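2 protein chains.
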Amino acid sequence: MQSIENSKILILASQSPRRKYLLSQAGIQFKVIPSQVDESTVPMTSPESYVKILAERKAQDVARQYPENYVIGADTIVLLDGTILGKPRSRNEARQMLTRLSGETHQVLTGFALCCTARSYRYSDAVKTDVRFKKLAPEEIEWYIHTPEPFDKAGAYAIQGLGTFLVKSINGSYTNVVGLPVCEVIELLLKEGIIGLNGPSRTFDETG
Amino acid sequence: MQSIENSKILILASQSPRRKYLLSQAGIQFKVIPSQVDESTVPMTSPESYVKILAERKAQDVARQYPENYVIGADTIVLLDGTILGKPRSRNEARQMLTRLSGETHQVLTGFALCCTARSYRYSDAVKTDVRFKKLAPEEIEWYIHTPEPFDKAGAYAIQGLGTFLVKSINGSYTNVVGLPVCEVIELLLKEGIIGLNGPSRTFDETG
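Residue numbers (our numbering), protein chains in the order written: chain A, 1184 to 1391; chain B, 1184 to 1391.
With the rest of the complex left out, here is chain A:
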C-alpha cells in the first residue's frame, strides 16, 4: 500500500519502535516525528476517553507543525480489574505487576488518532484486547525482571519480545497489544483515501 499523493505522506507521531515496526511490516510508508506531549496533563475520565484524548493530543502536536500531512498518534495502557498499570519504575514494581498479572486476564487498550490540520480533520478511536497470562513461577518472574524488557513497557511486559512466553492467549486484536490496531488503522487510511491499493509501485518488495 502506498500514499496516493506526496502531500499525504503519513507521519507517525510516536517514537515507539514497536509501532514503527507494525506499520512498516504492513507495507505502509510513513515518516516518524515523535510528539512532545506531557501525558500528565491529560484528565482521567474513563480509560477509553483517556487513551483517545492522549492519542489525539499526540497527533495534533505534530499535525500543527506539518499542517498538510496526516498524522497518527497512539497511546496504549494496560488495565487489570479497572486499574491502569503504568511503566514500572523499579525491579520491585515490575515484580509486583507481573505477580498481579500471573494467571489472570487483563485488558490492553490502545487509543489511536488521525489528524490533518489543513483539512481540519480529526478522528480517534480505541480498541480493547483481552490478554491471558500463564501462571508464572517466581523464578520466571525473577528471570524476566532481570532482563531490560519490562522497564519501558506498560504493565511490565512486551508481548512480542522475551515476554512472549508470559502470554497464554489473547482475545481481540494482537497488534493492538503491541501498540497499534493495524487492521483498524489501515481500514481508516483506506477509507479516507490516504493510502491506496493501486499505483505504480508497491512496498511488498521490502517487507514480503
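These aren't lab readings, by the way, just hints derived from the structure by calculation.
Every value quoted in this text rests on a predicted model; they were computed, and no experiment measured them.
Heads up, a few of these hints could be off.
Identical chains share a label here; the pair holds if one copy fits it or two copies do between them.
[Stated by the list, open to error] No more than 20 Å apart at the CA atoms, straight line, and that leaves these computed lysine to aspartate or glutamate pairs for EDC-like:
no. : residue 1 : residue 2
1   : Lys1351   : Glu1375
2   : Lys1214   : Glu1276
3   : Lys1374   : Glu1251
4   : Lys1317   : Glu1332
5   : Lys1270   : Glu1370
6   : Lys1318   : Glu1251
7   : Lys1214   : Asp1335
For this one, chain A is given, so just place chain B on it according to the hints.
Same frame as chain A, but now just chain B:
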C-alpha cells in the same frame, strides 16, 4: 533463557523463517536443521492427530541424525469449516481462499513435537487458535494476491506480514498462528530442563 548443557542445544527442524524468528525473539538459543519429511505420506485422520504426527516425523527425522540433541518439529494448518486450506498454487487459488476467509472465523492448528533419540524422548501436542478476518473488498484481495506473500502460506495469508490488515481479531495463542505456540513450547522446555532460568549469561542483550 539458555541451554543448560551444550549437549542439550536445541535444534529446530524447520526452515520456516517465522518459527526461527519466534524462538529467537523469545531468547531461546538453537540451531536450525530442516527435516526432509515427505508430508504427503502422513495419514489424515483428525486435523489434531495429523499435525501432531507430522510435527513428530519432522522432529524425529532430524533427531535420528543428532541423537544427543533435543529437536523441535512443527506443522501448521488452516481450517475453515473443518476443511484444510493448503498453500495456494496459483493467484486464482489464493483469491478463492481469501474470498472464503473474508468476514469469517477460521482455525489455525499447529502441532509441535519435541524428540531426543538418545533419551528415547517423544512428546507432541497441538494448539488451536480462532482467527477472524475482516470483511474484504475485492480490491483488497486483488492487492494482496499481487504481492508474493500468500503463496508459501497455508490459507494464503501471513498474520505477521502485509496480511496483518486482514485479521480483525484472534482468540487463543498468537504465536500459534505465526507457526509455533511459544508459551507452550517454552513451558515444555523448562519442564524438561532443556532450558534454564539461571546461568552465567542470558540472551536478552541480543533481543531485548
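The hints, checked one at a time:
no., hint, verdict
1, Lys1351 - Glu1375, "between (36 Å within a copy, 19 Å between copies)"
2, Lys1214 - Glu1276, "neither (34 Å within a copy, 36 Å between copies)"
3, Lys1374 - Glu1251, "within (18 Å within a copy, 56 Å between copies)"
4, Lys1317 - Glu1332, "within (18 Å within a copy, 32 Å between copies)"
5, Lys1270 - Glu1370, "neither (30 Å within a copy, 26 Å between copies)"
6, Lys1318 - Glu1251, "neither (49 Å within a copy, 31 Å between copies)"
7, Lys1214 - Asp1335, "neither (23 Å within a copy, 31 Å between copies)"
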